[in-house]
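As you go down the protein sequences, you meet chains A and B in turn.
Here the first sequence is numbered in my numbering, starting from 383 and rising by one per residue.
Here the second sequence is numbered in my numbering, starting from 15 and rising by one per residue.
Just so you know, these hints were derived from the structure itself, not from any lab.
Please note that the accuracy of each hint is not assured.
Capping the alpha-carbon separation at 30 Å, the derived lysine-lysine pairs in BS3-like fashion look like this [as the list claims (entries may be wrong)]:
id : chain 1 : residue 1 : chain 2 : residue 2
1  : B       : K69       : A       : K524
2  : A       : K586      : A       : K544
3  : A       : K524      : A       : K546
4  : A       : K544      : A       : K524
5  : A       : K544      : B       : K69
6  : A       : K546      : A       : K586
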Amino acid sequence: MTCPEIPELAPLYLAGELDAARAAAFADHLRGCPACRQELAEESAFDKRLRSAILSQPVDTSAVDQRIRDIIHAPAQYRWNHFAAGIAALLLLASVGYFELRSRGVSPVAIAAATDYRMEIADHQPRPWITNRDAIEALASKQSLPVSAISSLTPAGYHFVKGKLCYLDGNWYLHLVYGNALGDASVYLRRVDLFASSGIRVDKIAAEHVAAFQHGRLSTLVVTSQPGEAARRLAESAAALI
Amino acid sequence: MRWLAPHAAVPLSPIEFEQVALCHSRSLLRVARRLTSNTDSAEDLVQDCLLLAWKNFHQFRSGTNARAWLFRILFNSFYAAGRRARRASDAVALTPATLTHSYDFDEAMDVARALDTLNLDHRTVLLLGVVEGFTCAEMSEILSVPVGTVMSRLGRARHAMRARLIAPSHLTAKESR
Numbered sequence: 383m384t385c386p387e388i389p390e391l392a393p394l395y396l397a398g399e400l401d402a403a404r405a406a407a408f409a410d411h412l413r414g415c416p417a418c419r420q421e422l423a424e425e426s427a428f429d430k431r432l433r434s435a436i437l438s439q440p441v442d443t444s445a446v447d448q449r450i451r452d453i454i455h456a457p458a459q460y461r462w463n464h465f466a467a468g469i470a471a472l473l474l475l476a477s478v479g480y481f482e483l484r485s486r487g488v489s490p491v492a493i494a495a496a497t498d499y500r501m502e503i504a505d506h507q508p509r510p511w512i513t514n515r516d517a518i519e520a521l522a523s524k525q526s527l528p529v530s531a532i533s534s535l536t537p538a539g540y541h542f543v544k545g546k547l548c549y550l551d552g553n554w555y556l557h558l559v560y561g562n563a564l565g566d567a568s569v570y571l572r573r574v575d576l577f578a579s580s581g582i583r584v585d586k587i588a589a590e591h592v593a594a595f596q597h598g599r600l601s602t603l604v605v606t607s608q609p610g611e612a613a614r615r616l617a618e619s620a621a622a623l624i
Numbered sequence: 015m016r017w018l019a020p021h022a023a024v025p026l027s028p029i030e031f032e033q034v035a036l037c038h039s040r041s042l043l044r045v046a047r048r049l050t051s052n053t054d055s056a057e058d059l060v061q062d063c064l065l066l067a068w069k070n071f072h073q074f075r076s077g078t079n080a081r082a083w084l085f086r087i088l089f090n091s092f093y094a095a096g097r098r099a100r101r102a103s104d105a106v107a108l109t110p111a112t113l114t115h116s117y118d119f120d121e122a123m124d125v126a127r128a129l130d131t132l133n134l135d136h137r138t139v140l141l142l143g144v145v146e147g148f149t150c151a152e153m154s155e156i157l158s159v160p161v162g163t164v165m166s167r168l169g170r171a172r173h174a175m176r177a178r179l180i181a182p183s184h185l186t187a188k189e190s191r
């Protein structure tokens with residue numbers, strides 16, 4: 383075995399994956415070559431350093447474990463509903479025709495917001511929601527959003543329920559959920575680079591209505607399963623408050 | 015796929031799922047956090063992975079490598095959902111309190127930061143191969159790439175990582191993703 387072969391085969395040697403003959407040849411070469419021996423020793427030390435650093439960070443899986451346990455131990459019908467809901471949401475774009483929606487000028491982010499709302503709000507897929515207002519305000523601040531948004535965007539007759547970060551069409555949005563006796567409404571907020579203002583556009587996407595607009599540097603989407611006029615009213619109210 | 019039973023097997027119970035799959039949630043979340051660098055997103059990814067595993071658990075061949083099977087699902091979910099670009103501004107918070115007391119905080123910070131500056135392919139093979147202890151053959155199956163590709167990525171990843179740790183000024187020079 384030659385020196386250039388050593389770095390190539392080192393991952394297999396370190397993982398114990400070399401066959402017996404090649405492992406023996408590898409070991410023979412190391413015995414006679416201080417440079418390769420040194421290189422491999424450094425590689426092993428580096429591996430140990432990386433492993434120790436990453437493994438030293440605690441990992442709390444209690445929330446995920448509990449959500450999974452809740453689902454797998456649930457009665458079969460309820461469990462099926464969870465799967466069915468997830469599958470339905472994933473198939474949502476296909477069933478309503480993504481390209482048909484796009485041909486009508488519906489934006490990808492509006493479609494993504496409708497899908498997200500369907501999964502997380504209408505179908506109650508388990509997610510790590512934050513209900514504490516201070517924590518949500520801190521999250522808003524991290525996203526360069528006005529911390530007063532949670533209170534100021536609360537539509538008349540609604541109250542703040544929960545929030546979290548979510549990812550729509552390539553960007554992070556703060557997802558705020560407001561509720562009243564008639565149901566829930568979601569507001570998705572993102573700070574954008576370009577200062578602009580646009581009118582409110584309302585689209586029906588499957589069972590959801592999505593009202594989208596930009597005001598200043600704040601891009602906003604309001605999603606609800608209530609009638610389209612309700613979505614428009616909520617969006618108008620949000621636009622006025624912004 | 016060697017992890018899947020050739021025929022639909024007897025449905026397994028939730029208890030069996032907990033023993034075979036849920037016990038690996040720590041490893042899954044540890045890797046997911048470094049893929050997404052965001053705790054919420056990582057938890058969502060692991061949850062999606064475990065729900066998919068539960069849904070397909072009847073196809074899992076008992077006695078085979080459940081951990082590798084789960085990681086394959088994790089990476090499939092990660093790529094399928096277009097999470098390649100998902101890196102939010104609230105990166106995993108590292109504070110002295112979040113580390114175990116037996117390990118030096120600054121050292122862990124340096125290593126974690128250096129790891130996060132690697133491109134996704136390099137980060138992935140280091141996490142799977144070095145941290146989680148998968149063999150090159152297992153990584154090849156998890157990532158659906160040839161063993162030779164895994165080996166060369168691992169070699170380049172180690173080289174890049176060592177260079178960053180030796181020259182901390184390189185930490186700011188992010189590789190193209």
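Could you tell me which of the hints above the structure violates, numbers in ascending order? 1
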